[in-house]
Structure formats: C-alpha cells, structure tokens
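S.K.: We have chain Y; now place chain X onto it with these hints.
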Amino acid sequence: MNEINRKNFIFAEKIQLTISSKRILDTITLKIPNGLTVITGENGAGKSTLLKILGKILQPSKGNIIYNNQKLKEYSSFMFQEPIFLNRTINDNLQHALRCFNGNFKTSYQSMIVSYLKQFNISHLLNMYPDTLSVGEKKIISYIRSIIVSPKIIFLDEPCAHLDMNNQKTISNHINKLSNSIPIVIVAHKNELNLYNITQSIKIDGGNLI
Amino acid sequence: MLDLYDIIIDAFNIMLGVEEYYFTIVITSLYVSVTATIVASLIFIPLSALIVVNNFFLKKFLQIIINSLLALPPVVIGLFLYIIFSRMGIFGDLDLLYTSSIMIIAQVILIIPIIMTLAINSIHGIYIKYREYLLSIHSSQVSIIITILWESRKDIIVGVLVAFGRVLSEVGAIIIVGGNIENLTRTMTTGIVLETSKGELSIALSLGITLLLISFTLNILIYLLRTNE
Chain Y
1 MNEINRKNFI FAEKIQLTIS SKRILDTITL KIPNGLTVIT GENGAGKSTL
51 LKILGKILQP SKGNIIYNNQ KLKEYSSFMF QEPIFLNRTI NDNLQHALRC
101 FNGNFKTSYQ SMIVSYLKQF NISHLLNMYP DTLSVGEKKI ISYIRSIIVS
151 PKIIFLDEPC AHLDMNNQKT ISNHINKLSN SIPIVIVAHK NELNLYNITQ
201 SIKIDGGNLI
Chain X
1 MLDLYDIIID AFNIMLGVEE YYFTIVITSL YVSVTATIVA SLIFIPLSAL
51 IVVNNFFLKK FLQIIINSLL ALPPVVIGLF LYIIFSRMGI FGDLDLLYTS
101 SIMIIAQVIL IIPIIMTLAI NSIHGIYIKY REYLLSIHSS QVSIIITILW
151 ESRKDIIVGV LVAFGRVLSE VGAIIIVGGN IENLTRTMTT GIVLETSKGE
201 LSIALSLGIT LLLISFTLNI LIYLLRTNE
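For the protein sequence lines, the chains are Y and X, in the order given.
With the working numbering, the residue at position 183 of the first sequence is 183, and numbering never jumps.
With the working numbering, the residue at position 33 of the second sequence is 33, and numbering never jumps.
Just chain Y, with the same shape it has in the complex:
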C-alpha cells in the first residue's frame, strides 16, 4: 500500500492470471506513474491481458490493483486492439458511450461528437455504420471514443496499429499531448516506440516482466 502515492496512479501487486490451468501472467508487480507508460513484448506475451487487468476489464486470479484515487477507477476508458462497435451509426455509438460513461441518457452530445470527428478529419463518417469502415477508420473512431468521454486515465491497446503514417502521427501526437495531463497506459510494438514520449516502458515476456 505504501507504493501508492501521488506519483504513482496505479499499483499492481503480485498479479497472476491463470486460465484453464495455464498461467497467462505470473506474479507481476508494477506502478503506473503520471505520463505515458508503454507495455511492449512479443505476440502472445500477455500485454493486452495485463492492460485489461490494469483497466479492470479482467479480474486477476491473484493479486490486487490499487488506484490512488477512486475517480481514476470510475472514469477510466479503454481502447481495444480489435475495435468493438454496436450495430449503430458512428454517431449513435459515440452517443451511447458518452451516455453510459456519464450515466446521463437524456443529454445529446451531438456538437461534441461533430467537433471530435472534425478534429481528426473524419466528419464524413458520422452517419456511417461500423461495418462499412476500413480497419484504420475503425481504429480512429475507437480512439476518439476512448478520449471523448474525458477520462481520468486511458488504456490503449495498440492504438497506432493498422494506421497509415499520417494517422499514426496524428494519433500518437494526440496521445503524447494528452499524457501531459492524465496518465495513459498503452500496448505497443517495438517499431512504434519512436512515436511516443515515453515516461515508463514495461517489457513483458511469457507472462513475466523482464
């Protein structure tokens, strides 16, 4: 408990995850400070699983995740490696996320959504269905959905994968800028590391920190 303080936003203590008697994560202890924390490792190393546990999407088999502030836990947002969308227009998907996140189902967030889409030059996607979008467009919308809710901490799983150079730059610049005000934890591959202003780098292999 002493490890959690104003400098460390999350303290993960002896995290283990076992699924069907297979050890996915093996006694991981780490701290998430302010700024940008990057989790790297080979495919299947357990990066996304660790991110999901830190973001409270998955429960570890053993160990604790301690947040230094209850609001961090309640106002975290998560971007998945494979974007998940409801079978509704982009506008309705973003409205749904905002309404659930804020617990306010009567408010319309139309102007906010339009302004975010404009900021990323994808206003034309507003009334389109996710099935009709390219992988890259889905990634950008998924990123927008994770930041539009004004979270206190963000977990991003490979936010720049499957993006062209321009979009990689746009998203990574945005992440770098945002990490000056809130803690961000991302999963990234080695070749993407030069895109980010990294505060802390964590490498994971075979479910262990190295």
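It should be emphasised that the hints constitute simulated quantities derived from the structure, not laboratory data.
All values derive from a computational prediction rather than experimental measurement.
Keep in mind that a hint or two might mislead.
Going by beta-carbon spacing under 8 Å, a handful of chain Y positions derived as facing chain X [unchecked claim]: (1) Gly-55; (2) Ile-57; (3) Glu-74; (4) Ser-77; (5) Phe-78; (6) Ile-84; (7) Leu-86; (8) Ala-97; (9) Cys-100; (10) Gly-103; (11) Tyr-116; (12) Phe-120.
Using N, Cα and C, we set each Cβ at its ideal position, and we do this for glycine too.
M.R.: What follows is chain X alone, placed relative to chain Y:
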C-alpha cells in the same frame, strides 16, 4: 353428404363472408394468443437478460430446468391449472375457470420456456460480444441490459413470433381450462376439434385455413427478419 369440393367452397365462403361465428372464434384466438405472447415477452425477456448478465448459484441448473420445460405437455399444464383453479383448488375463489383469462395464463406458462430459451441464446451471444466494451464504458447493469436487448432485438422478435405461433396452434391446455364455450372461450384450434367431431367440416376447414394463413405470415416475417441481418 357434401363432397370435398363443396366443403372447400363452403369454407372459403365462410371466410370471405366473415360469418359471425367464424369471426368471433378468430378474434378470441388472436386476443388470447396475442395477450399471452405480450405478457410473457414483457416479463420473461428482461428476466432472460438478467439471467445472462448475472452469475449466481444454480444458474446453469436454472437454464437446464428452463430447457427441460420445453418438453412440458400442454395438457399437463391444462390439468394442473384446472386443479388449482377449480372450486376445490387453492385459486378456486377467483372463479377464472372457463374464462379467457385462465386461457391466457395457460398459454403464458406454455411459452415461458420457449421465449426464455430463445432469448437467453440470442442475448448470451450478444453479451459475450459486447461485455468487455460495456465494462470499459462503465455501463450500469440497467444500461447493459437495455443495450444487449436492443442489439439482439431481431433474434428476440423471431423468438416472440415462434412463441406466438406455438400458442396460436395450441389446443391441449386451453380446451381443459377454457371449456371451448361458444362466443367466450372457443378458439380456432378448439373450434376445429369440436366442428370436426360434429361433422361440420366446412367451418372446421375455414378455421384450419385461417390458422395456416397466420402461420404462413409468421414464417414469412421470421424469414424476412433473419435474411435482413
């Protein structure tokens, strides 16, 4: 004695002429079956969603029970309701036997397992697909249930139509509790049983054709919903 051709012509004349006896039976059938389907859907579809999103002791056992009830014979439901709603039964004072209300109760009981099994299957798939996303945006349980119900609405509507088709063609339970009383509890199926036994094949056939037409319409709707996905 009428030959087959005359019976068919008479049956269509009854249908096209909308004779009062025929019309009352069709309306009673639709009233009982539509009400039972709506009541069962409004209660047991949200309950199915609640079962899907929650983990609790004996959840799997409950699902096995619901699946097993699919095979429950309608006459047994009718007999059971007859016993508890007859004068000697615990609900005898309600005086519901031989009314359309008891027929609705019988049909609701009959379609609970159909509606719940189909709803649970379709909602479960959608819940697995969206569970992590809904957790990531901190959805409350109510908004999770509303979201997954909305996202699985087509499959749920198919289930409701299947259940409606099932109650509309049911005869065993409602003939016991409804009594097949003219202008009150006589439905298309119980009417067919009676008119056939009386040798009134034209009216029986007109009811049979109407039942088939409704069933055919339901199947077209189910097909359209499924192919529209």
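S.K.: All the hints need checking, so say for each whether the structure fits it.
M.R.: Verification of the hints:
no. : hint    : in the structure
1   : Gly-55  : holds (7 Å)
2   : Ile-57  : holds (5 Å)
3   : Glu-74  : holds (7 Å)
4   : Ser-77  : holds (7 Å)
5   : Phe-78  : holds (4 Å)
6   : Ile-84  : holds (4 Å)
7   : Leu-86  : holds (6 Å)
8   : Ala-97  : holds (5 Å)
9   : Cys-100 : holds (4 Å)
10  : Gly-103 : holds (7 Å)
11  : Tyr-116 : violated (16 Å)
12  : Phe-120 : violated (19 Å)
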